[in-house]
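Enquirer: Listed below, chain by chain, are the residues.
2 protein chains.
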Amino acid sequence: MSPATRTFFRSRWVEPPPEFEQLDPAELAPGFRAAGVACGLKGGGETDVGVLACDAEEVSSALALTRNAAAAAPIRVCRQECDAAALRAVAVNSGNANAATGEQGYRDALAMRDAAAEALNVEPRTVAVAETGTIGVPLDIDAVTTGVLEAVQGLSASGGEDFSQAIMTTDSGPKRCAIRAGEVTVSAQAKGAGMIEPGFATMLCFVQTDAVVSDPDKVLRSALADSMERITVDGQMSTNDTVMLQATGASGSVLPKGLLEAVLLQLALEIVADGEGATRVGRAEVTGAKNGDEAERVARAIANSPLVKTALFGRDSNWGRIAQAAGMALAGEELEELGPDRIRAGELASEGAEAELSINLGRGKARAHVYFSDLTHDYIRINAEYTT
Amino acid sequence: MSPATRTFFRSRWVEPPPEFEQLDPAELAPGFRAAGVACGLKGGGETDVGVLACDAEEVSSALALTRNAAAAAPIRVCRQECDAAALRAVAVNSGNANAATGEQGYRDALAMRDAAAEALNVEPRTVAVAETGTIGVPLDIDAVTTGVLEAVQGLSASGGEDFSQAIMTTDSGPKRCAIRAGEVTVSAQAKGAGMIEPGFATMLCFVQTDAVVSDPDKVLRSALADSMERITVDGQMSTNDTVMLQATGASGSVLPKGLLEAVLLQLALEIVADGEGATRVGRAEVTGAKNGDEAERVARAIANSPLVKTALFGRDSNWGRIAQAAGMALAGEELEELGPDRIRAGELASEGAEAELSINLGRGKARAHVYFSDLTHDYIRINAEYTT
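Line by line, the protein sequences give chains E and Z.
Note that our numbering has the first sequence beginning at 1, numbered continuously upward.
Note that our numbering has the second sequence beginning at 1001, numbered continuously upward.
If you are wondering where the hints come from, they were derived from the structure by calculation, not from laboratory data.
Only a predicted model underlies this, so the values are computations on that prediction, with no experimental measurement involved.
The beta-carbon is built from N, C-alpha and C at its ideal position, and this holds for glycine as well.
Misleading hints may appear alongside valid ones.
To be verified - From chain Z, some residues computed to sit far from chain E (all C-beta separations above 10 Å):
| id | residue |
| --- | --- |
| 1 | Arg1010 |
| 2 | Glu1019 |
| 3 | Glu1057 |
| 4 | Lys1218 |
| 5 | Ala1225 |
As the list claims (entries may be wrong) - Chain E residues, not near chain Z, derived (Cβ > 12 Å throughout):
| id | residue |
| --- | --- |
| 6 | Thr7 |
| 7 | Glu123 |
| 8 | Gly327 |
As the list claims (entries may be wrong) - Among chain Z residues calculated to face chain E with C-beta under 8 Å, some are:
| id | residue |
| --- | --- |
| 9 | Ala1070 |
| 10 | Ala1099 |
| 11 | Gly1102 |
| 12 | Thr1134 |
| 13 | Ser1214 |
| 14 | Thr1239 |
| 15 | Leu1307 |
| 16 | Ala1331 |
| 17 | Glu1333 |
Hey, can you work out the whole structure from these sequences and the hints?
Expert: Okay, here's the thing in structure tokens:
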């Protein structure tokens, strides 16, 4: 990689492939083009509509969508009107989540999808749609449709940067990369800062590659399980989460081991680090649990405890709050005393941007970990001053 | 009641008995005496050790204790060494929770209990112990024992005020009352501001009465289900929660219908209103649920959502966040669209100290509600600056 470029894989918790080249993040994997334009949803001339498309007719793809029962219109369109295994393109907008917008919202999401499909001259079922922003506000579908057509006109192999901008909401900056490893290139664009929750990647994330991926759904879900599903900002599952993987297979090579996992974990950690008001990222590890479910439950209770999150912010190695959260997750059970010999919390008090804490339950051999952000004054400011 | 006294039952959500007299809150129900002294646990000469005792030998009592699996030493002493149905007295301290303090902590809690029993000349099994404060710090048992003996010397029928002070931690003021209704008097003292969570009263609360209560455990649990179990500040179950009811029966009368419930609900609401950093109290009501569990799950998800809690603080009638939280609680299920016709959030934007919001799931007839505090800058300040 170029020494002038900031390393993308910068978290100590990410293990990049042994050899890789970091490309200009505006570049997309070969065979993909993208664009982002401004249609007025976010105001101020900000880029808020994007289209990303694959030139190849044959694409191997997978979609992971939020499980929130109040899922937004674009999620329902993706579930009901798209062929998740053969997605050529996606149309996105930020500034409006098109959630809790009723039947009109559904029609609008469908119209947005159809406009993209028509302009791209592809089957409607091969186009996904994703939206993020305010909940409960009717979508200005005319503006969005105009934006979609404009974006299709402007599609470019180096449109990753504009596309990344088009999906941002409260993000402090774009989250994207283009990585070449061996014969294969992977490019990815993500967004997310609030409503980031355990249980599934709460964000938008689009991944493109020219690798051969024969079982994209399995590959995506496996990589998500160790990345987007391991993060929390505010414990809130969004109505609009979407992750999409597209693979053309044009390189003739399979994905190098660990590449997709490293890309998704680094992007997941960037979402946590850019959590609303966040200043630090914590990693809560639970060991000695009876089983995986128990380990997971305790790790999430610690990661979502506002007392632990404020201790991370206040640089306070408050192991008592970790014991309390663990005990709460195991309410009603018998537990050996959780004293300081079982809890490591020292890094909470460190000055580092990443802090590890751990607790050994002493009940078995299962373990789990969750990444989380701190809870700060700016979280309150952002969320209390944001007005619908 | 005296017109000069501030009404104890001041929440619009509490229905007091039709006729009652509000006594000086320092007064205890007939047959009870209490005291609070300073032993240096909190520093600054603050009252931090208290004893409350019943003069009658025959007492009908009940205890409700936290279910946190990392329960503090006093909780384990109460479970293992006390006769919950015949409690004469309780010894309490604030400033140190005696939680996660190992076997020494257990011995200290037992020693504190035994010191009180000996000084009161009653059976050790008839004395409960409760502690609140910092987790994971060894208890200064010599100071506490000295304080307990001093408190026993100072027991007074009007010691309710000092006792209330002795149990305070981050509380902004004491929470207590003495109410006479018909032939019966009920006095109560509570504390709580942080680690207040759904699932059980997360606090200390002591209730005394001269009413005849033949099944105190049932009566207490029923009243708690509609009061202390319906509140949340930060979603965090404490290691030390304790509620104790003592009834002498000396009045020869039973409790007037609704009196205990009104006292506990008002005290519960005072705990929420005094939640760390709190400025307002919300009441989240869920109707139209398939069953009680579902209604409860959705109500708690709304009440514990940091996005809803910051909207309550920011006076933002953000019904989209209510839909999102409800959808998260019902993740993976099919749900009719949760639009503004199903959600009332207008009072979030009001200037009142109490705000109601509601959501109709449209799936059935079950309902539930939860009271919660807002999430504010002061919550962050209090919890980030608090250092272990």
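Enquirer: Against the structure shown, which of the earlier numbered hints fail to hold, in ascending order?
Expert: 8 and 13
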